[in-house]
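There are 4 protein chains.
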Amino acid sequence: MSKEEMIREMKKRVCAANLKLPEYGLVTLTWGNVAEVNREIGVIVIKPSGVPYETMTPEDMVVTDLEGNVLEKESLRPSSDLPTDVVLFREFPEIIGITHTHSVQGVAWAQAGRDVPVYGTTHADNFYGCIPCTRDLTQEEVEEAYEENTGKVIVETFRDRKIDPIAVPGVLVRNHGTFSWGNSAMKSVEVGKVIETVCEMAERTENLRRQAGEPIPQHYLDKHYYRKHGKNAYYGQK
Amino acid sequence: MSKEEMIREMKKRVCAANLKLPEYGLVTLTWGNVAEVNREIGVIVIKPSGVPYETMTPEDMVVTDLEGNVLEKESLRPSSDLPTDVVLFREFPEIIGITHTHSVQGVAWAQAGRDVPVYGTTHADNFYGCIPCTRDLTQEEVEEAYEENTGKVIVETFRDRKIDPIAVPGVLVRNHGTFSWGNSAMKSVEVGKVIETVCEMAERTENLRRQAGEPIPQHYLDKHYYRKHGKNAYYGQK
Amino acid sequence: MSKEEMIREMKKRVCAANLKLPEYGLVTLTWGNVAEVNREIGVIVIKPSGVPYETMTPEDMVVTDLEGNVLEKESLRPSSDLPTDVVLFREFPEIIGITHTHSVQGVAWAQAGRDVPVYGTTHADNFYGCIPCTRDLTQEEVEEAYEENTGKVIVETFRDRKIDPIAVPGVLVRNHGTFSWGNSAMKSVEVGKVIETVCEMAERTENLRRQAGEPIPQHYLDKHYYRKHGKNAYYGQK
Amino acid sequence: MSKEEMIREMKKRVCAANLKLPEYGLVTLTWGNVAEVNREIGVIVIKPSGVPYETMTPEDMVVTDLEGNVLEKESLRPSSDLPTDVVLFREFPEIIGITHTHSVQGVAWAQAGRDVPVYGTTHADNFYGCIPCTRDLTQEEVEEAYEENTGKVIVETFRDRKIDPIAVPGVLVRNHGTFSWGNSAMKSVEVGKVIETVCEMAERTENLRRQAGEPIPQHYLDKHYYRKHGKNAYYGQK
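Chains as they are written, first to last, in my numbering: chain A, 2 to 239; chain B, 2 to 239; chain C, 2 to 239; chain D, 2 to 239.
Hints are not guaranteed to be accurate.
Copies of the same chain look alike in the list, so a pair counts if it fits in one copy or across any two.
Said to hold, decoys possible - Mimicking DSSO-like on lysine-lysine, the simulated pairs with C-alpha atoms at most 30 Å apart in a straight line are: (1) K74 - K232; (2) K163 - K4; (3) K163 - K188; (4) K163 - K74; (5) K12 - K163; (6) K232 - K4; (7) K188 - K21; (8) K163 - K13; (9) K74 - K12.
By construction, these hints were calculated from the structure, which means they are not laboratory data.
The model shown is predicted, which means the values in this text are computed figures rather than measured ones.
With the hints as constraints, model all of the structure from the sequences given.
Pasting the structure below:
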């Protein structure tokens, strides 16, 4: 396949993944975006900034290089969160797709500044450990290069806390929203939906416990995560 | 009807029941599944594992024997929860259909590790007593045969607490989700929807009471359950 | 118009009003029902018991006399709540339509056993005072004539507390659900939707106040209710 | 364009904006309305009072002068909230469209009598500061000219607290509901949707914090607001 054809296919996939955001109830108005990288041909494809989902087409998708420089002349502006994705695609070399949302349940946890504890097997099926919440950026970090530093503070969170971004494919950016990722644009949207669902379950769980909750036993976490992931997984089709 | 025709009809019913799960808002992504048994011909039909609801057809349904061994050569893999259903179909001989979900409200109660108290007549119309929550499985039970032992811990809950699985047609598996059942695949899905609704009502009731709530009087429970169930029932068409 | 034609029109209106229940999100499965009375011709038309909304037609509606005796030979069984409606149509002579639901927000307040306080103008636009919650029925009342006594306890609530059923067109039956009414079947459904909305607003209001809330000032209640009701109303078309 | 053509276009825009209210989940039944002003030709176009959204057409929109006097002979009655809009259009000369709703989350905060604190960047993207809640109107204000005085108390809130209605394009009217505005009818509806979303996020945030929350740091508020607004904005298309 030629590079042009590959980019055309990426645009279709990225557009389809972006259109899943409203279908899954993850976005309000034009908020949220999905991006996909192809490191071999040096290309990122991302949703344009502030364009309504109702009328979005694959042709509207924005093509940039791996530093986020727009490559096509007649391009719309890329999502303003692109510099965050550039950092994540560079620092987490295994991930192909990234989704960013301001989904309600995820934002509530981000605004509370809290990691989402592993309260059940729905969480454990998808995340091997809590969904971490980053620290706030400093005033300097915000003023200097806000979106790029958002990516850096995500990376810092995973490095400092020794979290594997493959086993924990998403994060809450404090006071802001969610970033999730996976081995395709669509997969990153599905993880975004998982975060939203798990966040609502966790809030209701605490409400029903009326006290700080305990996470599930470790052996549950191991079982549920590894029956869906890794070489001994037995969920889904071969 | 030949055995082949009976299986073909079962596949249609099981597929239709599975498609009710997203319609009723009980599933996220590919989570959840429905199964039906025919003990005379020794067959269980169940949803395949990890297949999207949008494209699911009756032909995708998986046929197994009563021990859960796949019977058709070209079969997809069955839902990973099949061994749980095998135990329930064996130990609860009156039930024909089983539904498993990770529905949000049900999971919240399961993660809180709490029985759902009988707070009103909506509950009493459908469950003659609280919706029980099982204990956690031990590490040994999880490692040995997780899904089968999930079935066993459900059965243990009903046996030890002397609960009749016909009068109480569902359960919360601690930290996990819901199982519900009935005299058809579709009926088990409807009970799943009842659990979800009753769980939300109960959480809101407690929120409004701001204290541990009292269940409804026993005579209410008797009246509402028995006007819908048993030989003196007068709800619905004859 | 002949009596037959009048009944045919009633069946159409009652069916259309019943179909609004799922559209407004007020029912789960087959729960809930709407009835309409015509006192001149001595007829009540009501939803049949336990019939799914998806396939319901005007012909399915059940015709009874003012005591609730079924009038047509080939009739389905009427909703089991009919005896409640018979009492309300008899004791509240100004009302024409009645809706009964197990809608989630209304049930939560009913299960909490609480009147819904007048917390805002949305409430005041529609109810001149709190939405009352009845007492529980006694064991004797439940065993003797449950549905009829449900109607009687509603009437008792309005009589004893000197509430005008025109100014307060609905009630929570303790531990059970909502009844609402109006000058047509459709109007009673709309009031059911109002109750559901106002109940959710009130729960969230208390949650945000984190303490027992105060109702709005009396002059607000007067203004909002009377700008929509009575001879000086100026909301809506003439 | 002739004045007649301009009014015809306004009617289309105002009708389309009103129809977004049910699509965005901001209204129940016939509640809520949107208006647009053209100060050059001295015209306000607003939704008629109490008309169902399902059948609404541009021709139903009501045309008034800047004092709210109906200009067309065959007109329906304007929304009863028109006198509020008249005050806002007069006192806030930069705004073109106004939306009023009784949306659930917004009403909950209005009924709690609380400003919505800036808990995150979703809020900061759209409002440069908390969403203010007005005081209650006095009995005299309600009896004298309720809707006009509602407009005046909104203006008073912004004047006394030195809030810029461009930077903070909406308000909660205590015990009542939301008003939002913008440089078009449609934009005011979008701000109404933002208020609803931000209100839900904020309630859940407090629930998760279990204590009075702290707003986000000031440098976050500055960054997020100004990357979307003002001469250095870089969100959206040029």
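Hints, verified against the model:
no. : hint        : verdict
1   : K74 - K232  : between (45 Å within a copy, 24 Å between copies)
2   : K163 - K4   : neither (37 Å within a copy, 56 Å between copies)
3   : K163 - K188 : within (23 Å within a copy, 45 Å between copies)
4   : K163 - K74  : neither (41 Å within a copy, 45 Å between copies)
5   : K12 - K163  : neither (34 Å within a copy, 47 Å between copies)
6   : K232 - K4   : neither (33 Å within a copy, 38 Å between copies)
7   : K188 - K21  : both (11 Å within a copy, 24 Å between copies)
8   : K163 - K13  : neither (35 Å within a copy, 48 Å between copies)
9   : K74 - K12   : within (16 Å within a copy, 39 Å between copies)
The structure is inconsistent with the numbered hints 2, 4, 5, 6, 8, although it conforms to all the rest.
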